[in-house]
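**Q** This is what each chain is made of:
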Amino acid sequence: MAPPRHRRPGFSRRAQYSLFVTYVLAIAGAVVAGVLLLISIADPKGFAVLRAGAAEVTAPIANGFHAVRRSITDMGENMSAYLDAASQNADLKRQVAANRTKLIQADALRVENRELKMLLNLEQEAGDQVVALGNLVSSTASSSRRIAILSAGSSDGVAPGYPVRAARGLIGRVIETSPNTAKVLLLSDAENVIPVIRVPDGLPALASGLGDGTIMVRPVDLGVNNFKRGQVMTTSGSGGLYPPNIPFAIIVRKTSDGALARPIASAASSEHVIVLKPYQQVAKKVLDEALEALPKSEADE
Amino acid sequence: MNQLLATGRKLLGPSREYESRINREQSPARMLLVPISSVIAGSMATSTLPLVAGTPLLPPFGLLILLAWRLMRPGMWPAWIGLPLGLFDDLYNGQPFGSSAFIWSLCIIAVELVDLRGVWRDHMRDWLIAAALIMLALLAGLGISALAQPAPEVSIIVPQIVVSILFYPLAVRLCARLDGWRLAT
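Residue numbers (my numbering), protein chains in the order written: chain L, 745 to 1045; chain E, 9 to 193.
What the hints contain is simulated information worked out from the structure, not anything from laboratory work.
Errors might be hidden in some of the hints.
If you only want the chain L side, here are some residues facing chain E, beta carbon under 10 Å, derived [as the list claims (entries may be wrong)]:
1. A803
2. Q873
3. L877
4. L950
5. G957
6. P963
7. V964
8. L966
9. S982
10. L985
11. P988
12. N989
Below, simulated SDA-like cross-link-like pairs (lysine to any residue); rule was C-alpha separation at most 20 Å, straight line [claimed, not checked]:
13. K789(L) with Q157(E)
14. K1021(L) with P991(L)
15. K972(L) with S1000(L)
16. K789(L) with A154(E)
17. K846(L) with R858(L)
18. K1021(L) with V996(L)
19. K972(L) with V996(L)
20. K998(L) with Q34(E)
21. K789(L) with I771(L)
22. K972(L) with K1021(L)
23. K1029(L) with L147(E)
24. K1029(L) with S1000(L)
25. K998(L) with K1029(L)
26. K789(L) with E161(E)
27. K846(L) with V776(L)
28. K789(L) with A156(E)
29. K846(L) with L155(E)
30. K998(L) with K1021(L)
31. K1021(L) with S898(L)
32. K846(L) with K789(L)
33. K998(L) with A911(L)
The beta-carbon is built from N, C-alpha and C at its ideal position, and this holds for glycine as well.
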């Protein structure tokens, strides 16, 4: 291709000036965009309304593709399941045997737990923590942020800060809402820091995303790093945002100052997700009820 | 209205040697809107595709199509086109608002500067220019989101950079097809 000739539009002064003006405008445009960028870094919520409107436009389309995504995800899982069927079978048999004893222990614990709660006069209503049900319809796949778009919004009662979970485990939390969609900050985003505990012994740790689908888990007590592959982390409930005991991640590999983990509930394969109320409200309610249940003289102190 | 369309044709139409000499003219709306709507569709595609990605993997389709049009048809768009199209992309990309507008404006200005060196260019050289700009744009995007909040390591966008560079010829093919349809009489 020959070099473009548009640079000298001819001898007309008017044409030359108008070309010059487009260059001035281009540089001014870059400056304006830079200022917008600074404003949005200083105040990330400032442009939320614009984006929410934009998400409303694409969400129905992405919703329509939902079935396609399911079948593509299933295809990969089915193929890999077929390939290691024999070893998986042996593994599963071993797990069933181990789980049977644990199940019996858990039943015993549940009975004991119920009796203890009756003793304390605490009734746990799980139903009223659930705000809305929805699907994750799409995500910002070309950005370094890990944000998914949920098909339920502020008209369903979803508000920023609400935790989101799937049947298998925690997904993330809501950061922006519009009437029919909400943006969910996934666990693997670098901004999402979550207090967790290791399941058998309750070792406290902090988890933060690495942006590539994995999570870095760092123990709170420095010097104690006895993570092992396959250990399970759950949310601890401290911080008051995420409810405790939601399955969170499985340790994949030990690192020098913690461990690398993979979320239990994959955002890509979770069909339905639940939006919960922030734990603090629930915790406060439980505390108030407990105070009411106590005899008057003790509650006053 | 006719005045506006005539100006649009002068700006975005085929240059004189490719102009139709028989008594038929292109549909002005198609001629003006096809390139712009293709970039807009590219911007929306990344957040419409039914994919909840665990890593940044999809190429920034909007930027690829913008660069393809700009390198294929120099002078078709005024130099400030990066601002409005970038602002639209910002609605969908999940980065801090204004980051695409900023990066795309700088990309277009960079191509203008490259055009100052009036050497002959072919597809491979265009690809080289686009590859450099795509790489810088993705790195700048990561840097900008690192200013606003904790960001992941640079290494996680390396696969995305490679995929995006390999997608560029496909974007050029697409734009060439659209260009033929746009200018057909």
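**Q** Are the hints correct? Go through all of them and say.
**A** Hint-by-hint comparison with the structure:
At about 9 Å, the closest approach between the beta carbon of A803(L) and any beta carbon in chain E falls short of 10 Å, and the interface hint on this residue holds. Restraint check, Q873(L) versus chain E: the minimum CB separation of about 24 Å is more than 10 Å; hint violated. Here the hint on L877(L) is broken, as its CB sits about 17 Å from the closest CB of chain E, past 10 Å. With a least beta-carbon distance of about 13 Å to chain E, the hint placing L950(L) at the interface is violated under the 10 Å criterion.
About 3 Å separates the beta-carbon of G957(L) from the nearest beta-carbon of chain E, less than 10 Å, and the hint is met. Because the smallest distance between the Cβ of P963(L) and any Cβ of chain E comes to about 19 Å, over 10 Å, the interface hint for this residue is violated. Among the interface hints, the one on V964(L) is violated; its C-beta lies about 18 Å from the nearest C-beta in chain E, farther than the 10 Å criterion. Among the interface hints, the one on L966(L) is violated; its C-beta lies about 20 Å from the nearest C-beta in chain E, farther than the 10 Å criterion.
Restraint check, S982(L) versus chain E: the minimum CB separation of about 20 Å is more than 10 Å; hint violated. Below 10 Å, beta-carbon pairs count as interface contacts, and L985(L) has none with chain E, the closest being about 17 Å; its hint is therefore violated. For P988(L), the interface hint is violated, since its Cβ never comes within 10 Å of a Cβ in chain E; the closest pair sits about 25 Å apart. Interface hint at N989(L): violated, since its Cβ lies 24 Å from the closest Cβ of chain E, which is beyond the 10 Å cut-off.
For a cut-off of 20 Å, the pair hint linking K789(L) to Q157(E) stands: about 13 Å separates their Cα positions. For the hint pairing K1021(L) with P991(L), the CA-to-CA distance comes to about 17 Å; that is within 20 Å, so the pair holds. A distance of roughly 13 Å separates the Cα atoms of K972(L) and S1000(L); the hinted pair therefore holds under the 20 Å criterion. Proposed proximity of K789(L) and A154(E) is supported: the alpha carbons are some 17 Å apart, at most 20 Å.
For a cut-off of 20 Å, the pair hint linking K846(L) to R858(L) stands: about 18 Å separates their Cα positions. Taking the CA atoms of K1021(L) and V996(L), the gap is near 30 Å; set against the 20 Å cutoff, the hint is violated. A distance of roughly 8 Å separates the Cα atoms of K972(L) and V996(L); the hinted pair therefore holds under the 20 Å criterion. With a C-alpha separation of about 64 Å, the suggested pairing of K998(L) with Q34(E) is violated against the 20 Å cut-off.
Proximity of K789(L) to I771(L) is assessed by CA-CA distance (about 27 Å); at most 20 Å being required, the pair is judged violated. A distance of roughly 32 Å separates the Cα atoms of K972(L) and K1021(L); the hinted pair therefore is violated under the 20 Å criterion. A hinted pair counts as satisfied when its Cα atoms are at most 20 Å apart, and K1029(L) with L147(E) does not qualify at roughly 47 Å. Between K1029(L) and S1000(L), the direct Cα distance comes to roughly 41 Å. Violation of the 20 Å bound is thereby established for this hinted pair.
Distance restraint check for K998(L) and K1029(L): the Cα-Cα separation of roughly 39 Å exceeds the 20 Å cut-off, and the hinted pair is therefore not satisfied. For the suggested pair K789(L) and E161(E), the alpha carbons sit about 25 Å apart, so the restraint of at most 20 Å is broken. Under the criterion of a C-alpha separation no larger than 20 Å, the hint pairing K846(L) with V776(L) is inconsistent with the structure, at around 62 Å. Among the hinted pairs, K789(L) with A156(E) is consistent with the structure: their alpha-carbon atoms are about 12 Å apart, no more than 20 Å.
Restraint check for K846(L) and L155(E): the C-alpha separation of about 48 Å exceeds 20 Å, so the hint is violated. At roughly 33 Å between alpha-carbon atoms, K998(L) and K1021(L) are farther apart than 20 Å, so this suggested pair is violated. At most 20 Å may separate the alpha-carbon atoms for a hinted pair to count; K1021(L) and S898(L) meet this at roughly 13 Å. Distance restraint check for K846(L) and K789(L): the Cα-Cα separation of roughly 47 Å exceeds the 20 Å cut-off, and the hinted pair is therefore not satisfied.
Only pairs whose Cα atoms come within 20 Å are accepted, and K998(L) paired with A911(L) is rejected, the gap being roughly 27 Å.
Comparing the model with each numbered hint stated earlier shows that hints 2, 3, 4, 6, 7, 8, 9, 10, 11, 12, 18, 20, 21, 22, 23, 24, 25, 26, 27, 29, 30, 32, 33 do not hold.
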